[in-house]
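So the chains spell out like this:
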Amino acid sequence: MSEVSDLSAFTHKRDDGTLEVQLAVEGVTCGACIQRIESAVRKLPGIVDARLNFTDRRLNVTWRDGALQPTRVFAELVRLGYRGHPFQPLKAEEQEITETRFLMRCLAVAGFAAMNIMLLSVSVWSGNVTDITPETRDLFHWASALIALPAAAYAGQPFFRSALRAIRARQLNMDVPISLGVTLALVMSVIETANHATHAYFDSAIMLLFFLLCGRYLDHAVRRKTRAVAGNLAALKADVAHRLEGNEVTTVAIQMVRVGDRLLVRPGERIPADGVILSGKSEIDESLVTGETARRAITIGATIYSGSMNFSGALTMRVMAAPGRTLLDEIERLLDKSLAGKSRYIRLADRVSRRYTPVVHLTAALTAIGWLIAGASLHDAVITAIAVLIITCPCALALAIPAVQVVASGTLFRSGVMLNAPDALERLAEADTVVFDKTGTLTLPEPHVDNAAAIDPALLEIAARLGLSSRHPLAVAVAQEAHIRLPYDGAVEETGQGIRAVVDGHEARLGSAAFCGVASLQKTDAATSTICFSHNERTALFEIRQKLRPEAARVVQALAGMGFEIHILSGDRPEAVQPVADELGIANAHAGLKPADKIAAIEAMKAAGKRVLMVGDGLNDAPALAAAHVSLSPISAADLTQAHADAMFIGDSLRPVLDTIAVARRARTLMWQSLAFAIGYNLVAVPLAAAGLVTPLIAAAAMSGSSILVTLNALRARKRFHEAQASSLNFVFPACC
Amino acid sequence: MNVIIYLLPMALGLGLVGLFAFLWSLRSGQYDDLDGAALRVLSDDDVRREQGRAS
Chain A
1 MSEVSDLSAF THKRDDGTLE VQLAVEGVTC GACIQRIESA VRKLPGIVDA RLNFTDRRLN
61 VTWRDGALQP TRVFAELVRL GYRGHPFQPL KAEEQEITET RFLMRCLAVA GFAAMNIMLL
121 SVSVWSGNVT DITPETRDLF HWASALIALP AAAYAGQPFF RSALRAIRAR QLNMDVPISL
181 GVTLALVMSV IETANHATHA YFDSAIMLLF FLLCGRYLDH AVRRKTRAVA GNLAALKADV
241 AHRLEGNEVT TVAIQMVRVG DRLLVRPGER IPADGVILSG KSEIDESLVT GETARRAITI
301 GATIYSGSMN FSGALTMRVM AAPGRTLLDE IERLLDKSLA GKSRYIRLAD RVSRRYTPVV
361 HLTAALTAIG WLIAGASLHD AVITAIAVLI ITCPCALALA IPAVQVVASG TLFRSGVMLN
421 APDALERLAE ADTVVFDKTG TLTLPEPHVD NAAAIDPALL EIAARLGLSS RHPLAVAVAQ
481 EAHIRLPYDG AVEETGQGIR AVVDGHEARL GSAAFCGVAS LQKTDAATST ICFSHNERTA
541 LFEIRQKLRP EAARVVQALA GMGFEIHILS GDRPEAVQPV ADELGIANAH AGLKPADKIA
601 AIEAMKAAGK RVLMVGDGLN DAPALAAAHV SLSPISAADL TQAHADAMFI GDSLRPVLDT
661 IAVARRARTL MWQSLAFAIG YNLVAVPLAA AGLVTPLIAA AAMSGSSILV TLNALRARKR
721 FHEAQASSLN FVFPACC
Chain B
1 MNVIIYLLPM ALGLGLVGLF AFLWSLRSGQ YDDLDGAALR VLSDDDVRRE QGRAS
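Chain order of the listed sequences is A and B.
Under the numbering used here, the very last position in the first sequence is 737; numbers go up by exactly one each time.
Under the numbering used here, the very last position in the second sequence is 55; numbers go up by exactly one each time.
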């Protein structure tokens, strides 16, 4: 049987006729990797260029069509000790990149304009107290107008568009008063300049845009980085399927699998699509689908779901559209229902702006009326009212929340938590009840060697390196114990029995009891599997089972200490759930729940006034995640589940759950502080503006001063995580040098 | 004060040159890999002509 790899879903033709593919590369850690990878790949025949983006850990390879099998690039990477995964940018990431670039251009334009206008304005201000002639002042004002008007028209687009969208939807957001303030300031300044007045507000308007664009750009830059890592992780999960065509196996991207295709699923691989078994016999682990940890024996005719792990035998399957009334159908139906029932959360910034905007506009109107009653001219009254609008233009207020958001999500990102939903931080801070799934959430998603401590380390190392040559889940579990992650040369896998290789002159075997020549032992319980090892007369027996995530007990204890109500809602059998609950000291554990039962339980808690944080990974958790107030998923979660989680965490430890809550709560405190400060600033500034005392100089100083203070306050969200921090990203990019 | 006639356009012109230089560098992808750029400078392999490309 021949095997080819079809990468056409990932390659695209460039204008000059060369082909290009992007690979997410695992194992890149330092500057030397750039050199090693690029020079080695460039030496391959037919390669036009190879360039590694170190920030995103992505390799861009271009080659002449037909001159090279792209699989050679993968082989070359493996030879160097890296792993490449074909990568296709997600739509969301591409949009984010376009948006970030646009904001960067706006920022550049606003920065250029702000600097030049300020240069002119400072001349006018110092001239006003010395001997500037009215003609020179007018010239400077016109020059400012010449810069400010086109700059504002370009750099203000993000705000104008958003404000228009909000008004069309008959709503108010922060961009409405911003757009109004900027526009009025510019229009008034032009009219005043035409009337040879002393004051113009060009500098304030443009500086306002510059500060706000800074905040908005940083917000997008953090989101872009998050999406880049999420995209790499998706590629690392290697969504490929082996399609059978006659006697040929083609490795294709999972997106290219069609209903009716025949697929080959080898032991140790995840089932790529829903379907029925055509031939073969195996046991499958459906824990990612249902939460059930006991393996299900399947044979010809059985229905299998994508995401299940094939354990023991090679299978051929036919892809089928899920035929009604299956588990997936039910989950999708429940998802639709819980998404429809979910009330749209109104973000703090929007809640503030809904109250703030009418108050500000009313104040401006009252100012104008007040001055008219006091006998001022219509011109002076309107000018003063506009000054009120300019000074209240919510620069600090609009920065208060995004600035904290940026710093807090950056902190979370470094400790391995990626926010999916922009409002996740605020909702996380409100949670008072935590609901855990068991399988894959409280426990590690992959089984581990339970008795590693009791085995001679030297023996364990040999067994583990031997395990690297196999994809059998039990061998993979043993392989995780390896310190030197290099498989032995000449390791041979005998299907259904084990792996053997010659190590230090003696044959080492890892596999079934019979294969290793060890007397078979009685199985201790259903949840434990065993695998045997022999080398030079010495033998070992590895007990492999689901282990709790590291620090799970401490995290649960700390959460309880913080006053959280903790529940377990699991789809697994009660015998499997109870020991975990006992070990962690969780009293409220419910087992054997269907997806609908999980939703019902969460709805009951919500009805009791609880704000539920759901942590889960399985396909069966997806509807519950959508129903909860806020949700978290480990990165190992099923794709559909991840799409509905508000945030994802990387790594084995459960600690990110605690970190996320801590950061979110701290961020909320800082947001409120900044908001209070911004409102306090307005309380001082508005009476001054209404009294007609605010000159452009005061406006500029007050605005930039308040913005900088709010930003500095936000920097306090950078709380350090000594323990969790460094380890998290190494999980994605393990050390190479 | 007639000198302003020259100085103002010159100042603006210089500022615009800076702005367009920045926009050009943005377009040519020089900000796509900031971490990598910091490390590439340390490698000796500067014989090969580097190609600036937007990804």
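No wet-lab data here; the hints were simulated from the structure.
No experiment lies behind these values; they were computed from the predicted model shown.
Heads up, some of the hints might be wrong.
[Said to hold, decoys possible] Quick list of the computed label-pair ranges, beta carbon to beta carbon:
1) B:43 / A:128: 54 to 64 Å
2) B:30 / A:301: 53 to 63 Å
3) A:48 / B:30: 40 to 50 Å
4) B:4 / A:164: 22 to 32 Å
5) B:43 / A:301: 51 to 61 Å
6) A:550 / B:16: 36 to 46 Å
7) B:30 / A:198: 26 to 36 Å
8) B:4 / A:15: 23 to 33 Å
9) B:31 / A:128: 32 to 42 Å
All residues carry an ideal CB built from backbone N, CA and C; glycine is no exception.
Going down the list of hints, with the structure as the test:
no.	hint	verdict
1	B:43 / A:128: 54 to 64 Å	holds (55 Å)
2	B:30 / A:301: 53 to 63 Å	holds (59 Å)
3	A:48 / B:30: 40 to 50 Å	violated (21 Å)
4	B:4 / A:164: 22 to 32 Å	violated (39 Å)
5	B:43 / A:301: 51 to 61 Å	holds (58 Å)
6	A:550 / B:16: 36 to 46 Å	violated (57 Å)
7	B:30 / A:198: 26 to 36 Å	violated (44 Å)
8	B:4 / A:15: 23 to 33 Å	violated (49 Å)
9	B:31 / A:128: 32 to 42 Å	holds (40 Å)
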